[in-house]
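Below are the chains, spelled out letter by letter.
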Amino acid sequence: MNFNSLRYLFTEGLKNLFKNIFMTIASIGVLTACLLVVGFSLILKENLSNIIKYVGEEKTFFIFLTDDAKPEQIDDLKSCINSTNNVKSLKYITKNQALEEFHKTFNNDLAMRALKRTNVLPASIELNMKDISSIDEIYKILEDTRFSNVISSVNAPTKHAKIIKDVDKTSKVIGTAMIIFFVVASLAIISNTIRAAVFARRREIAIMKQVGATDSFVRFPFLIEGAAIGIIASIFAFFLTMLIYETLYTMLTRNQSAFLRSLFITMVPFKRVSFLISFGYLIFGTLAGSIGSLISVRKYLKI
Amino acid sequence: MIRMEDVCFGYDLYHNVLDNINLNIEDGEFVFIIGKSGAGKSSLFKLLSHEYKPTSGKLIVNGQNLVNLPRKKVPYYRRSVGMVFQDFRLINKMTVFDNVAFVLRVTNHSTRYIKKRVPDVLSMVNLSDKADKYPGELSGGEQQRIAIARALASSPSLLIADEPTGNIDPELSQQLIKVLIDINKYLGVTIIVITHEHNLIKNFSKRVIEIENGTIKKDIMPTPEKDTLKDKILKDNTLKLERDVEDKTSDNDTSEKNITNEKILEEPKISEKENILENENEF
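For the record, the sequence lines run as chains D and R. With the working numbering, letter number 187 in the first sequence gets 187, and the count goes up by one each step, no holes. With the working numbering, letter number 46 in the second sequence gets 46, and the count goes up by one each step, no holes.
Hint data in this document are derived by calculation from the structure and do not stem from the laboratory. We put the CB at the ideal spot given by N, CA and C, even for glycine. Do not rely on the hints blindly, as some may be mistaken.
Only some residues are given here: those of chain R computed to face chain D with a beta carbon under 7 Å [as the list claims (entries may be wrong)]: (1) 79; (2) 93; (3) 110; (4) 170.
Produce the entire structure from the sequences given, and follow the hints as far as they go.
Right, dumping it as structure tokens:
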């Protein structure tokens, strides 16, 4: 195939987009929808792994103390913990400080009024460890019978460790399976839509073959057309994803409710996934469009 | 040249549509293949256009055995054979110019050549003024002439027309056959016209092969035609040119001989075109 033919076939492929405008719109629409589904699955997976990473990286112990704990006992506990040499920071939070913290976080006047009457929030020790691997050392101290009437409960990373690990594993499997499922489903839908477009032009293909066109000569414009549909759909899908996700992000992370804000604190901003999404859409869209076209044309080349 | 030796063909294993066909068509011949519906004419066309392969036997076209022609070579074979179909098979989204040019694009011809060649073949079928029209805007007869122009664009040595008059009225049918006869006469293209219209061929003294139930029933050779006044003038001009060339070549070297030989080949072409156009003007 010489340059003349390539140029002709390239322009023919692009011209066909307009000649079969309804099929083009249908194919772009279907491909955009499929890309959105795959894209949001990716974003969801990214957010899940971000949450897991955030929780998994937590090296903070919250040691809640009983109301009966005496200051000497608390000091004894603190010095024991400090002796492990695995302490980054250690902070004692009184019952009043806990109340203030609660007020700051939840800003709920009704709950505050009730809590001010009887402060049920316990005093606690916030311990930040240097290294989570030597967590057992801390645990030995906490389980010491000396402190059984000082410590009421412990919120420790190890308690979540297994759960986090399991959730991480499951989310990776589910996320990948979801993406594979949507990719396969999308390919099936796209190739069916393109097949319908090619079916409408089977007579044209037959004529081309009958006058001596080679298979590659017939395929090339369809390949260009499919790739162009893929590129257009990926551009549409990218901007739609950005619009939807940014709106959602702003709505959830800048919400009036502090509770909602705290829940979505780990939400990934669009900027962080924009490269993955744009690149993924472009590659997937172009491949789906062109491969879908090639598969659909193949059937009609057997003349 | 087409040679068929014991060609059998069937769409399934149990029933032969064509049975032991033996046939020879020489270069430059004009042949009508006739027969009733279901006789096997269209199947024969499908074998010649390589849509199907014979179940058994030998089918040789222009030196290529179509029975074992590799799939990769099929497009190149098809380029050497012009095909005209009953339903015209034009691409409706392309203009007349583009429909004809398409064959040349397939064969990697330059845009410059295409721009020169397409008007030439369109003028042969007297459709120069319709180049920018779309097939849907033309009559059945005009569409079939575009199909003929398309078939001629790549200068094939063989043109096969399957029921070319099937979608046009009897008067136009006669004129269309005249165009094909002129192409055969002046361009030397071997032409096979497949038709079921017995009345259509009565007015033309050409070889007629009749197919019945998948076998050749009759193969009638034409009676020698008397030259028309036009043919005589053309022949005289050609002879005159040949004599001039002989005179010149006796004096000049071989390279000059080649140039003048090309002229001989070119000169009749101009008159051929004029002849075709004269017939076409009646269209």
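Comparing the hints with the structure gives:
no. : hint : verdict
1   : 79   : 4 Å, holds
2   : 93   : 5 Å, holds
3   : 110  : 6 Å, holds
4   : 170  : 27 Å, violated
Checked against the numbered hints given earlier, this structure breaks only hint 4.
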